[in-house]
Amino acid sequence: MESEVCVSFGRAPYFLVYDTQSDVSNFFENPGAASQGGAGIKAAQAIVDAMAETLLTVRCGENSAEVFQGAGIKVYKTTKVSAKENIEAFQKGELAPLTHFHGGFHGKI
Amino acid sequence: MLSGKGGTGKTFVSVNLAVTAKNAICIDCDVEEPNGRLFLKPEESVTEEVYTKLPQVLEEKCIGCRKCVDSCRFNAMGFIKNSPLVFPEVCHSCGACSLLCPTGAIYELKRPIGIVERGRNKEVQVITGILNIGEASGIPVIQNALDTKITEKSIMIIDCPPGSACSVMESVQTADYCLLVVEATIFGFHNFKMVYELVSLLQKPCGVVINKGDYTYYPLINFCKENNITILCCIPYQEKLAQIGANGEVASEKDDETRMIFSTLLDKIRMEVRE
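So the protein lines, in turn, are chains A and B. With the working numbering applied, the first sequence closes on residue 283, and no number is skipped along the way. With the working numbering applied, the second sequence closes on residue 257, and no number is skipped along the way.
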């Protein structure tokens, strides 16, 4: 819970699933992290399959955004460093929805 | 005709060799910016549209088994609200999803992505692949352009895209011999080593043409010596060549010295190929 939120969504090594009702959390590996292409789509699919309702991320791409939109998952932009701080900020209503979705970095930083 | 770096002179060497060989088929596989036709000016051109396949989902037939999503090596499919979602820009048209769908819920739609133009300039057959602007992959256009019959007497010159990526690999698949055009600069040499690695992996015999080689660039010369690569010719930078090129003309038709260079080069390549 003290881990930093990865700057990349599609290539993040792990995702943290947090249940706001039971306070139960667990990590799972991002199946898209090492894909040659379409990492964002595969990662987004994993979020959908994890039955998430909301995603907190630094940034995410257009393809992932399309998956989230289709699945009705809301995306918020993180502002703090750790996962814990961001979840707390979200619960207090301090995080804003992510509105800018990039067209992909494809190897560029 | 390959070169790692763009602007090295692939098209220059290709069109001059084609004109010199006379009985030649010149295929421009640099589908994102095919320039050979600007010099060869083909006549009586016939164009053919090139298509790629894009999977479409019949939602009513989908049973949600996700075989399509799981089979996609390119992650071009998602599965949302009990239905597959296709990402056209990520799809490589491999057909796996429609092949593996147990209920026939996926069919493939033909989508135009470019054209191939076939024309002629005297004895030279000029074939040009042109990819539509914004398309991600020119492979189907290259495949169509290369699907050309060759007679025993003619030679086929394939002008590759720059670099050493998929489109270049596709372009050189059928080649008997690879001509690596290199510029005598650090950048040119760096990218040359990448294409050399590619043709070595594909086990293609190759030779080098140094273009704009006004001075001896030792790293390149030494690399060729160490790897036993034949340097077939060195074309110095000349303002007259730049002028002829800027006028959209073919240098070996305008300039005797250039005609000699390409005539000798062609003979050398023929000898290399026979060996």
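Hints are not guaranteed to be accurate.
Going by beta-carbon spacing under 10 Å, a handful of chain B positions derived as facing chain A [said to hold, decoys possible]: (1) Val28; (2) Cys54; (3) Asn57; (4) Phe69; (5) Ser245; (6) Leu248.
These are computed hints drawn from the structure, not numbers from a lab. Since this is a predicted model, take the numbers as computed values, not measurements. The C-beta atom is built at its ideal place from N, Cα and C for all residues, glycine as well.
Restraint outcome when Phe69 (chain B) is required to lie within 10 Å of chain A by C-beta distance = This hint holds: Phe69 (chain B) lies near chain A, its Cβ roughly 6 Å from the closest one there, short of 10 Å.
May I ask you to test the interface hint for Cys54 (chain B) with respect to chain A, counting a Cβ-Cβ separation under 10 Å as satisfied?
-> holds (8 Å)
Does the nearest C-beta of chain A fall within a distance shorter than 10 Å of the C-beta of Leu248 (chain B)?
-> Nearest chain A Cβ about 40 Å off; hint violated.
Close enough to count: is the Cβ of Val28 (chain B) nearer than 10 Å to one in chain A?
-> violated (35 Å)
Holds or violated: Ser245 (chain B) as interface residue toward chain A, Cβ cutoff 10 Å?
-> violated (43 Å)
Go through the hint on Asn57 (chain B) and say holds or violated, using the shortest Cβ distance to chain A against 10 Å.
-> The hint holds - Asn57 (chain B) has a Cβ within 10 Å of chain A, the shortest such distance being about 3 Å.
When each numbered hint is compared with the structure, violations occur for hints 1, 5 and 6.
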